[in-house]
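**Student:** Based on the provided sequences and hints, a complete structural model is requested.
Position 44 (the sequence shown) corresponds to 44 in UniProt numbering; numbering is contiguous.
Among the clues, some could well be false.
[As the list claims (entries may be wrong)] Here are the computed distance ranges between Cβ atoms for each label pair: (1) Ser-134 <-> Ser-175: 32 to 38 Å; (2) Ser-175 <-> Ser-99: 25 to 31 Å; (3) Thr-62 <-> Leu-95: 25 to 31 Å; (4) Pro-174 <-> Ser-99: 17 to 23 Å.
For the record, the hints were derived by calculation from the structure and aren't laboratory data. Please read all numbers here as calculations on a predicted model, not as lab measurements. Just so it is clear, CB atoms sit at the ideal spot from N, CA and C, and this is done for glycine as well.
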Amino acid sequence: MAPSTVAPSAGSSTSTSTSYTLSPLAYVKLVLHASKYTSCSVCGLLVGSTSSSTSSSTSSSTSSALTTITDIIPLLHQWTTLSPMMEAALQIADLHLQSKRTETTFVGLYLANSRLSDLSIPPTLQLVADKLRSRFSSAVVLVVDNERLDSTTQLPLLGDSTLIGDFDDHLADPSVDWLTNPRVSL
Numbered sequence: 001m002a003p004s005t006v007a008p009s010a011g012s013s014t015s016t017s018t019s020y021t022l023s024p025l026a027y028v029k030l031v032l033h034a035s036k037y038t039s040c041s042v043c044g045l046l047v048g049s050t051s052s053s054t055s056s057s058t059s060s061s062t063s064s065a066l067t068t069i070t071d072i073i074p075l076l077h078q079w080t081t082l083s084p085m086m087e088a089a090l091q092i093a094d095l096h097l098q099s100k101r102t103e104t105t106f107v108g109l110y111l112a113n114s115r116l117s118d119l120s121i122p123p124t125l126q127l128v129a130d131k132l133r134s135r136f137s138s139a140v141v142l143v144v145d146n147e148r149l150d151s152t153t154q155l156p157l158l159g160d161s162t163l164i165g166d167f168d169d170h171l172a173d174p175s176v177d178w179l180t181n182p183r184v185s186l
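**Tutor:** Next comes the structure, spelled out in structure tokens:
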């Protein structure tokens with residue numbers, strides 16, 4: 001994943017850059033979620049933590065942050081608009097993460113659109129992203145480039161896409177553990 005950099009404002013002598021990394025487990029879960037519902041748009045939350053460092057010279061200072069995405073929480077494949085299902089899924093996921101009492105937090109949102117070449121962020125998911133940014137200023141929106149997910153690549157090695165479940169799956173079958181997806185492992 002390419003680093004994202006935030007440039008300093010005019011007249012500022014401070015620059016800030018944020019880089020993002022995606023753990024193998026988070027990548028596998030994200031791709032399995034997208035491949036399970038190829039005809040639907042899917043979305044979910046990125047979970048991780050940030051570490052920062054600062055370096056300074058006599059004329060300027062530079063701070064950098066590394067956000068490590070360690071896991072994902074697959075949200076939806078049917079109700080990807082702001083709906084009661086989306087609101088419920090977000091609230092439950094938030095309570096789940098708070099109950100873990102770790103340093104991890106929501107660091108962003110991911111989206112795989114149903115159309116192959118569509119890299120746009122729907123307005124409703126942009127609202128969710130803006131809400132995440134109000135809590136975590138470096139929150140990122142990761143849009144899956146479906147054209148680069150080629151079925152001839154190593155996707156079969158990632159696992160069975162039926163192993164992953166999202167909140168929509170949980171609504172159909174309450175035994176689906178969509179918050180942790182323990183059946184997906186490396």
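**Student:** Mind checking the hinted window 17 to 23 Å against the Cβ distance between Pro-174 and Ser-99?
**Tutor:** 18 Å, holds
**Student:** Can you tell me whether the CB distance of Ser-134 to Ser-175 sits inside 32 to 38 Å?
**Tutor:** Distance hint for Ser-134, Ser-175 holds at roughly 34 Å.
**Student:** Regarding Ser-175 and Ser-99, is the given constraint of 25 to 31 Å on their beta-carbon distance met?
**Tutor:** 20 Å, violated
**Student:** Hint says 25 to 31 Å; check whether the CB-CB distance for Thr-62 and Leu-95 agrees.
**Tutor:** Given about 37 Å between the Cβ atoms, the range is violated.
Hints 2 and 3 from the earlier list are contradicted by this structure; the remaining hints agree with it.
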